[in-house]
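As a plain string of letters, each chain reads:
Number of protein chains: 2
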Amino acid sequence: MFKIEKKLKDSLGRAGILSTPHGDILTPAFAAVGTKATVKSLSSEQVKEAGSQVVLANTYHLYLEPGEKIIKKAGGLHKFMNWSGPTMTDSGGFQAFSLGVAFGNNLNKFIASDAPTPTEIEEAYDERKIKKAKITEDGVEFQSIIDGSKHFFTPEKSIQIQNDIGADIIFAFDECTSPHASKEYLREAMERTHRWAKRSLDEHIKLQNSSSAHFQQLFGIVQGGRHKDLRRESAQTIGSMDFAGFGIGGSFVKEDMATAVKWVNEILPEEKPRHLLGVGEPIDLILGVENGCDTFDCVSPTRIGRNGTLFTHTGKIHILNAKYRDLLEPIEKGCGCHTCQNFSVAYVAHLFRSKEMLGCTLASIHNVYFLNSLMLKIRASILNDTFSEFKEEFLKNYK
Amino acid sequence: MFKIEKKLKDSLGRAGILSTPHGDILTPAFAAVGTKATVKSLSSEQVKEAGSQVVLANTYHLYLEPGEKIIKKAGGLHKFMNWSGPTMTDSGGFQAFSLGVAFGNNLNKFIASDAPTPTEIEEAYDERKIKKAKITEDGVEFQSIIDGSKHFFTPEKSIQIQNDIGADIIFAFDECTSPHASKEYLREAMERTHRWAKRSLDEHIKLQNSSSAHFQQLFGIVQGGRHKDLRRESAQTIGSMDFAGFGIGGSFVKEDMATAVKWVNEILPEEKPRHLLGVGEPIDLILGVENGCDTFDCVSPTRIGRNGTLFTHTGKIHILNAKYRDLLEPIEKGCGCHTCQNFSVAYVAHLFRSKEMLGCTLASIHNVYFLNSLMLKIRASILNDTFSEFKEEFLKNYK
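Here the protein sequences line up with chains A and B, keeping their order. Residues 1 to 399 in the working numbering are what the first sequence spells out, letter by letter. Residues 1001 to 1399 in the working numbering are what the second sequence spells out, letter by letter.
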């Protein structure tokens, strides 16, 4: 299902093709995050036009609303949300983190995966008095942020839900940990994640033999925090299991990310695809590819877009800066996105000042296109043996 | 600029073609309202795909933000908002009403034109202590709902702003009155509107000779409230002036609308187009056409859409009704809109429950398409001599 086209000589980076029944993903690639079966503020056509090859949805959110059974009855995620390309779902394990140790601690500032935001959790807490999630060997008990009802996720349950949702690529149930957790706790959580990985895989194999969604590829998730020994042990253990590919999880302190990813990818089987969860900063994407990752996902392009922050090749800008009020030029000259091809910065700024939804849409289109375009350029540079030059040039300009 | 293709035998209704430099409008037609140079929650492509022929923007809002000079510098409304079809702007006169006599009285419940909403005004009032607008012979003095700054609109100023904005069809500056105003006040306001119409026309002629937007068509506005003698007097006076077409204004009590429109259209010159301002209920559109109106505008399809209310041929439905949670069918079977062609009610309901912007977009697409499609059917029934049957059938089903 994964074919490596070319490898970098002096690093772990590679370009490849990840095949799914809903189409090929040319890697390295960035997955647009469609948490609740919609990439926020964008239509499927706009997601596609912005160059996205794959959409990642969130198991936790879809389980709570509308419920995985409705999605299954609708013919799966693709049909439900009218996205004909490849899809992924994460496992819901991240919620063990955001509703668990990170609960109320604003700990997800280093993380970009689409857990309930601290605000969402706090609001739910205020309104419904929900309690901190409880992690046991069997799974995670948590209360719905929607109505406070109790729920229990196990590895088996996560895989069953993901099977019903029917994405092309699904993830094993894991426990994500805080970057500030003690090494003892990181080891404990990692070992639990390994046991959950085995249970996820067993359930997956069972379901693939009995369900209609027999095409699903299950990715195992490597944890281990910021510790080399733990990361390598996790990569060994997860890498030796019969997964179709791998996810690299954990809430990274920014400086640790590339190093931790390298430790892991030096060990993971080279021939299988690797997904870096929740990373979407341009620089991190370049470093992630250089250190052997093939796919990425992050809410950042749409989340910062809705706040009026836009990627450019010289760094991020904010649309409400007074200098953009009258600027009758595209957000970035030479950008091929729908927004830059058709609208001025002044128009987008006007929409934000007027609190018009189209502002969020146009900003998100630009940002998603920016990251997709960046991935295409990285890919081309690998295929053309110019990755180092590309990286150097990009980092020189991007402040 | 306006050609009547066919007239009904036993009423004032007709089908025609209203030509503008940005394309023909096949009438009767419904204009999508793009208050702030964007049809709320829709891209230009979505507006077009929903069958809209013409977009109406709001002079008052665009004057305050981003300012008409920026729009002019951008090449006019069409280029600024990337809408290549015909456009209209209203005159800002409606704000004399909503910021004036209707101020704080929630009086716009019978009205659908896109004035600041009572909530917007109340908020502005609370935050900025803005004062009630003051109407004098010269014009209207009002405070910005954005920052409380003072502004003065005169007929000349309104036409200058509309000339800068550069829509194909613009409206004379008028004073809209409350349906509950005394006859004395209605006469006073109507006579002022007539004097302002003359001043608007004079300014328009001056600008057409000196500006680049020489293609603009100015429509005069008939007022007169619910009184037959006033409406007829207004139609006589405005109808005798050299306008390219006419708007019929006023905040109607629902029952009065068709009657008042008939009084007016019996008098207005038959060969010129007539626009009924702020009307968008399906039944009112049918009655409006029957009584001689050619074009209409209203925020209703997008406003009720954002609230989760959807038009169907059996009446309006609300998406959050429990029965739609699992319904894997389009909003309305046989509907050709993008939403019904690609998504189930269950998906749209999920988006609304999840507070996802795409819900507003998909609902607005359906509603705008519904009204455009209704206008096309009315037009076809006029051309085919089946208007009465169409009307009877529609009213029988629509509850």
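Some hints here could point you the wrong way.
The calculated PhoX-like cross-link candidates involving lysine-lysine, where the alpha carbons are at most 20 Å apart (straight line), are [claimed, not checked]:
hint, chain 1, residue 1, chain 2, residue 2
1, A, K399, A, K48
2, A, K377, A, K355
3, B, K1150, B, K1069
4, B, K1073, A, K323
5, A, K69, B, K1003
6, A, K333, B, K1333
7, B, K1272, B, K1009
8, A, K228, A, K183
9, A, K333, B, K1079
10, A, K73, B, K1333
11, B, K1323, A, K73
12, A, K72, B, K1323
13, B, K1069, A, K323
Just a sample of chain B residues kept apart from chain A, beta carbon distances all over 12 Å, derived [as the list claims (entries may be wrong)]:
hint, residue
14, K1003
15, G1034
16, S1043
17, H1061
18, I1071
19, T1136
20, H1151
21, H1214
22, F1343
23, S1354
24, T1361
25, A1380
26, K1391
The set of hints was computed from the structure by calculation and includes no laboratory data. Heads up, the beta-carbon is just placed ideally off N, CA and C, and yes, glycines get one too.
Hints, one by one, checked against the model:
no., hint, result
1, A:K399 with A:K48, "28 Å, violated"
2, A:K377 with A:K355, "34 Å, violated"
3, B:K1150 with B:K1069, "18 Å, holds"
4, B:K1073 with A:K323, "16 Å, holds"
5, A:K69 with B:K1003, "55 Å, violated"
6, A:K333 with B:K1333, "45 Å, violated"
7, B:K1272 with B:K1009, "18 Å, holds"
8, A:K228 with A:K183, "11 Å, holds"
9, A:K333 with B:K1079, "18 Å, holds"
10, A:K73 with B:K1333, "19 Å, holds"
11, B:K1323 with A:K73, "16 Å, holds"
12, A:K72 with B:K1323, "18 Å, holds"
13, B:K1069 with A:K323, "16 Å, holds"
14, K1003, "32 Å, holds"
15, G1034, "10 Å, violated"
16, S1043, "7 Å, violated"
17, H1061, "8 Å, violated"
18, I1071, "9 Å, violated"
19, T1136, "29 Å, holds"
20, H1151, "17 Å, holds"
21, H1214, "22 Å, holds"
22, F1343, "6 Å, violated"
23, S1354, "4 Å, violated"
24, T1361, "7 Å, violated"
25, A1380, "29 Å, holds"
26, K1391, "35 Å, holds"
When each numbered hint is compared with the structure, violations occur for hints 1, 2, 5, 6, 15, 16, 17, 18, 22, 23, 24.
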